[in-house]
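Those letters in the sequence shown? Residues -21 to -1, 1 to 414, per mature numbering (1 follows the signal peptide of the UniProt record, and there is no 0), in order.
It should be emphasised that the hints constitute simulated quantities derived from the structure, not laboratory data.
No residue lacks a Cβ here, since even glycine has one placed at the ideal position from N, Cα and C.
Worth double-checking, as some hints may not be accurate.
[Said to hold, decoys possible] With a cut-off of at most 20 Å between alpha-carbon atoms, the simulated DMTMM-like pairs for lysine to aspartate or glutamate come out as follows:
id, residue 1, residue 2
1, K137, E172
2, K305, D357
3, K362, E329
4, K79, D128
5, K228, E183
[Claimed, not checked] So the derived label-pair ranges between C-beta atoms look like this:
id, residue 1, residue 2, range
6, P248, F315, 14 to 24 Å
7, E329, D128, 41 to 51 Å
8, E387, T171, 46 to 56 Å
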Amino acid sequence: MEKHNFLLILLFLLQFPISIASSNETDQLALLAFQNLITNPNHFLANNWTKNTSLCSWFGVTCTPKTQRVVALIPPAVGNATKMMNFSLSGNRVSGNIPKEVSNLGHLALLSLFDNQLTSFIPRTLFNISLLLAVSLSFNSLSGPLLLDEGNIVSNLKSLSISNNQISGCIPSNICQLTELKILSIAFNNITEDIPINIDCLSELQEFYIGNNPIKGTIPTSLGNISTLQYFHCQNNRIVGQIPPELGKLSNLRQLSLELNYNLTGQIPKAIFNISSFEIIDFSFNNLSGRIPTTIGLHLPYLKELYLGANQLEGEIPLFITNASKLVILDLAQNFLTGTIPTNLGNLRELQGLLLHDNQLTNEPREHELRFFNSLADCRMLKYLQVGNNLLNGTFPNSIGNLSSTIENFHIADAHINGLIPTSIGNMSGLMPRP
């Protein structure tokens, strides 16, 4: 019983990391100071933690072999606290490995060890704890593959977060045994293999984060069968091929991030822009081609950020894009867009960033003034206006002085601007000098 109580004491102690100590002696004094808070003279720590023995031999204490400094306070005996329900040691700079004995905690519902210095493997038996609901191991130095025991696992796990580690290999095929999983976060690791083609076996999944891995292959079409999915972040990987039209079936999707894969090709499926729950779409820095669907904006009442920059898109900017009236960021830069800049952009009253630079946008042949500036005067929250490196071939209207004073960055270089610069441009008092 005393050792079980020690584990509860340990949870308290680890809220006050001792790794700031400057020597082995101060490590010892820090632990003894805590021991002095224990009022029970018969507590086993009274005899185990003493000045007459090396602190590295004390129960529950792990030291480095060379410097004899305290580096870990998660003993294998933690597995003896079989009634423990919540085990949280997050943000304490705890090092060492996760003892396999943790899997003996049959009543454990929450295991939270994120933001520490843990190394080695994740015990595969961890996922055998049937009552476990959430595992958070992100921001450590865990390595090796993610493994689950073979055979039938009775799992109620709803959240698995192991991002920002050094996990390698693949997403195991038997992850399908985690049928209750709602959140799966494995971003910022070294996962290399394809996304499993049967990923729809996780039919309850709501959040799926796999970005910043060297993941290969294509986006499986089966992903479109997970009707509960709300967040899919697959950015900065090595994904190739096309965006599956099946993703258009994800009627609850809020965020879709596929940027920085560089080798996504083909046209953007029209069905993507019919998902009315969207808040963020990011397809930038890929190799997508074709035209932006003319109906874009008609079914996106909650869209705040749209990033289609740095692709191979062509054609005109659809007028209906301004129906997405909640837009804060509109990035269509670095494409091959032609035609004129729409004169109804002022409908985007919440717009803060308009990035249209490095295209082939022009002005109406019979027009001299660049009339789209008149409309932008209604965008009172605008901070970034970038339309340079185009073939605008027109003049500034006097109304340019009516643009928001919140504009900090105005990029108009190499846009073939003619005529005089109106003195009213001085009203743009928020402009920041280039560093």
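Now the hints, each set against the structure:
Straight-line distance between C-alpha atoms of K137 and E172 comes to about 24 Å, which puts the hinted pair past the 20 Å bound. Distance check on the hinted pair: K305 and D357 sit about 14 Å apart at the alpha-carbon level, within 20 Å; holds. Among the hinted pairs, K362 with E329 is consistent with the structure: their alpha-carbon atoms are about 11 Å apart, no more than 20 Å. Distance hint between K79 and D128 is fulfilled; the C-alpha atoms sit about 13 Å from each other, no more than 20 Å.
Taken as a hint, the K228 and E183 pair is honoured in the structure, with Cα atoms around 15 Å apart against an allowance of 20 Å. The given range of 14 to 24 Å is respected by P248 and F315, whose C-beta atoms sit roughly 20 Å from each other. For E329 and D128, the hinted distance range of 41 to 51 Å is satisfied, since their beta carbons lie about 50 Å from each other. Distance hint check: the CB atoms of E387 and T171 are about 41 Å apart, inconsistent with the given range 46 to 56 Å.
The structure fails to meet hints 1, 8 from the earlier list, while all remaining hints are met.
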